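Listed below are the residues making up each chain.
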Amino acid sequence: MAGSNEVNQNESKRVVPLNTWVLISNFKLAYNLLRRADGTFNRELAEFLDRKVPANTIPVDGVFSFDHIDRAAGLFNRVYQPAPENEAQWSIEELGRPLSTTKIVPVIIFFHGGSFTHSSANSAIYDTFCRRLVNTSKAVVVSVNYRRSPEHRYPCAYDDGWAALKWVKSRTWLQSGRDCKVHVYLAGDSSGGNIAHHVAVRAAEAEVEVLGNILLHPMFAGQMRTESERRLDGKYFVTIQDRDWYWRAYLPEGEDRDHPACNPFGPRGKSLKGLNFPKSLVVVAGLDLVQDWQLAYVEGLKESCQNVKLLYLKQATIGFYFLPNNDHFYCLMDEINSFVNSNC
Amino acid sequence: MSLYSSGTSAASSAGSSVSSTTKPSEIDGLLAGAGYRVRSSDLRHVAQRLERLDAAMVNSPAEVSQLASDAVHYNPSDIASWVDSLLSELNQTASLPSDLPELPELMVGPGLNQTVLAEDAWTDHDAPQHQQLNNQFPVMTAMEEDSGIRLVHVLLTCAESVQRGDLAFAGSLIEDMQSLLTRVNTSCGIGKVAGYFIDALSRRIFTPQGVGFGGGVGLDPAYENEVLYHHFYEACPYLKFAHFTANQAILEAFDGHDCVHVVDFNLMHGLQWPALIQALALRPGGPPLLRLTGIGPPSPDGRDSLREVGLRLSELARSVNVRFAFRGVAASRLEDVKPWMLQVNPKEAVAVNSIMQLHRLLGSEPSRNSPIEMVLGWIRNLNPKIMTVIEQEANHNQPGFLDRFTDALYYYSTMFDSLEACTLQPEKALAEIYIQREICNVVCCEGSARVERHEPLAKWRGRLGQAGFRPLHLGSNAFKQASMLLTLFSAEGYCVEEKEGCLTLGWHSRPLIAASAWEAPLALPDANSPAAAPGIFVNPHSNPPINSL
Chain A
1 MAGSNEVNQN ESKRVVPLNT WVLISNFKLA YNLLRRADGT FNRELAEFLD
51 RKVPANTIPV DGVFSFDHID RAAGLFNRVY QPAPENEAQW SIEELGRPLS
101 TTKIVPVIIF FHGGSFTHSS ANSAIYDTFC RRLVNTSKAV VVSVNYRRSP
151 EHRYPCAYDD GWAALKWVKS RTWLQSGRDC KVHVYLAGDS SGGNIAHHVA
201 VRAAEAEVEV LGNILLHPMF AGQMRTESER RLDGKYFVTI QDRDWYWRAY
251 LPEGEDRDHP ACNPFGPRGK SLKGLNFPKS LVVVAGLDLV QDWQLAYVEG
301 LKESCQNVKL LYLKQATIGF YFLPNNDHFY CLMDEINSFV NSNC
Chain B
1 MSLYSSGTSA ASSAGSSVSS TTKPSEIDGL LAGAGYRVRS SDLRHVAQRL
51 ERLDAAMVNS PAEVSQLASD AVHYNPSDIA SWVDSLLSEL NQTASLPSDL
101 PELPELMVGP GLNQTVLAED AWTDHDAPQH QQLNNQFPVM TAMEEDSGIR
151 LVHVLLTCAE SVQRGDLAFA GSLIEDMQSL LTRVNTSCGI GKVAGYFIDA
201 LSRRIFTPQG VGFGGGVGLD PAYENEVLYH HFYEACPYLK FAHFTANQAI
251 LEAFDGHDCV HVVDFNLMHG LQWPALIQAL ALRPGGPPLL RLTGIGPPSP
301 DGRDSLREVG LRLSELARSV NVRFAFRGVA ASRLEDVKPW MLQVNPKEAV
351 AVNSIMQLHR LLGSEPSRNS PIEMVLGWIR NLNPKIMTVI EQEANHNQPG
401 FLDRFTDALY YYSTMFDSLE ACTLQPEKAL AEIYIQREIC NVVCCEGSAR
451 VERHEPLAKW RGRLGQAGFR PLHLGSNAFK QASMLLTLFS AEGYCVEEKE
501 GCLTLGWHSR PLIAASAWEA PLALPDANSP AAAPGIFVNP HSNPPINSL
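Line by line, the protein sequences are chains A and B.
Position 284 of the first sequence, counted from 1, bears residue number 284 in the UniProt record's numbering, the numbering being contiguous throughout.
Position 512 of the second sequence, counted from 1, bears residue number 512 in the UniProt record's numbering, the numbering being contiguous throughout.
Calculated directly from the structure, the hints in this document are not laboratory data.
Here the structure is a predicted model, which means the values were calculated and not measured.
Just so it is clear, CB atoms sit at the ideal spot from N, CA and C, and this is done for glycine as well.
Warning: the hint list may mix true and false statements.
Dumping the calculated SDA-like pairs for lysine to any residue here, alpha-carbon to alpha-carbon at most 20 Å [claimed, not checked]:
#1 K13/A - R49/B
#2 K480/B - N337/A
#3 K52/A - I27/B
#4 K13/A - R52/B
#5 K28/A - L361/B
#6 K273/A - E205/A
#7 K28/A - T157/B
#8 K240/B - A429/B
#9 K13/A - R44/B
#10 K28/A - R37/B
#11 K28/A - K192/B
#12 K28/A - L87/B
#13 K279/A - R248/A
#14 K28/A - V154/B
#15 K28/A - R44/B
#16 K192/B - K240/B
#17 K240/B - E44/A
#18 K235/A - A68/B
#19 K103/A - R202/A
Here are a few chain A residues that sit away from chain B, every Cβ distance over 10 Å (derived from the structure) [said to hold, decoys possible]:
#20 W21
#21 F48
#22 I69
#23 V298
#24 Y312
#25 S342
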């Protein structure tokens, strides 16, 4: 197998810049060390290896951040806001007021990726990404530090996402516009995209308004093997084997990958027809082995008569948005900007 | 790998022995934003090492799990050395293809190359201003509590008037705040910590300078301090973290040495040492001869508390068959200690252990031959195998009063927050008094009376680097120890983090205490004064200090 691995590495190196290759390969190898064959996870080493950064209320490149901590749950949300126009006159009392009373300021609730197992809201890669998101969309971003598997399986991540949505919706200081309400979008990459979907479903069923979903190569799967999984297995940083491990770690013990958390439009899924589900922007990386499931998700939304836009980035690998050194990154940022700042 | 670019030193000496002829190569800015330090010129090399590691892991899957559990990992930010240490652990003798393909020119998209974009200049992690100030905003401002927010606002306004010298106005604000206090819950949260700060401010405003605050009635302040310290030790994990982390690093540094000598800058009750003694007893190959020199204030009434502690530790050592010798050095201030008092034997491996002591040597103005430089100088001249430095991760030594006050407000409110999880009494109450005394010192005192001059890790790195020390990266073993310690506390919220070889313990995402380890390479001959070595530079770029076990 070593031979085929060499070929694989060469292919991935051809499609990403060198520093991206180093970054994602580093993650891949570290993650290989952390997953144990018996399904347990070396959390201590994972936390040691994860590069984290603190929040910073002093604006850096136009964005400041702070953590709101839920003492009871031991979780935190990291809030990112654009720096105020007049920093000198800005005081903490401003934080108690709505974002704007005239224009609409979107609030994007972001669920970081990591296959439900890795990373945190204060991981450097995600902190950096959220800051970039604030700058390009002029939105407020709330990054949720949800509980991870295998210590906390389904439905913990979804519950934490729902709690975050309710918290955001109830903050007067996140309101904007003449209608004085919080204009919420849900977003996430990989497992975060999966979480965003399920939180949106719950919100729609509870008639809590979410204006849009942004799913960045969301993590879905099913029991059967799709063509893209077979074709791309091991070629661009990701293997079917590791995907399977993460699903086993997240889903309830004994469940298979047709569980509706994993396969929302599969044999055990349900249609969303008739539900007031938000419009969706689904971004698929053409070199991601999970793409067939993501495309099936898009089809499922269409069949449920929901509004969905597919952004298919043919030559993109997973994690293309971590470093702004490729066209796909800028394309993505533009699309997100239009998505949250349009009037529809 | 070193972080000390030659430009940052406030050249305290003619310092031209720094080899600043070649600027350190540029770090890849995009990877820096992801928390990794890789030189742009090194990228290909690192990529090749990653490939080798990948192949090695594929070739020996059984060893991979061992790698994960047994290997000690150091400084994950430095991808190059991390990968190399794993490769050496795997000890690959299997032949790797000698013709690893040359990496093709990598680019994506027309016209795009790997220039770092201006917006990603955000790598300012180490700037103390950015990192520490105002970092804890919302932990104490529960947005729902208007009174809480107003209280903070008035506190800061009051501090600002104190800084301006308008004590009359500041005094009137004290009254405002005291009435605001009646409207918040003062048994926890913002109300409690605000109460202490209002108290500290009013002491500063209304008490003439030079009068110390409170102090025990009839009790010896040093003894009182020991009691409070002990309860602080019990009530929250900060001191235990300090001890665990330092001990782990010292243990690793003493590996292979038969005669070891620990110098403890603040012995107190010697709570740190039983664990080290026991660990040394269990060392494969048997324990070394351990000498412990404990420094502490002189005791009143003819008691020799240092000696009493030493006796207890001796008994413990004897019970586990560790040859042990203790020496107490009584000194009111660390700068009064002279190296000859420690009687260090040139053949011993020396560990210097400083838990929240170095900051007491700082003044607010940097100066030549200041106490800190003097002490760091003689420490260096001892050629210690390791110096463990644990300090509060705070910026309480800034020249401006308002800045200090603001930082302290957020720092201590986070600390009080964490303390709320403690249910042990009277430990919790006494721990609060312990913290309150620190607050008072930071807020009320000036000049030589102000000893709580905390500085953040980033500043200590600079200082220690300038004094000729090299960082020793704390590894995953120390991290694991610290994490295990936290599981003993039911309070969710404490978190240990690793940053560039140092460990911090904090409450949620705010680090409150930072642990680092240092070594002093052989000192250059200094004919003049062994006690006051000016900052002689040893080029830190030459040898990466990573040790793989």
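Quiz item: Quick check: which numbered hints come out false for this structure?
Solution: Hints 2, 5, 7, 11, 13, 14, 16, 18, 19, 20, 21, 22 not satisfied by this model.
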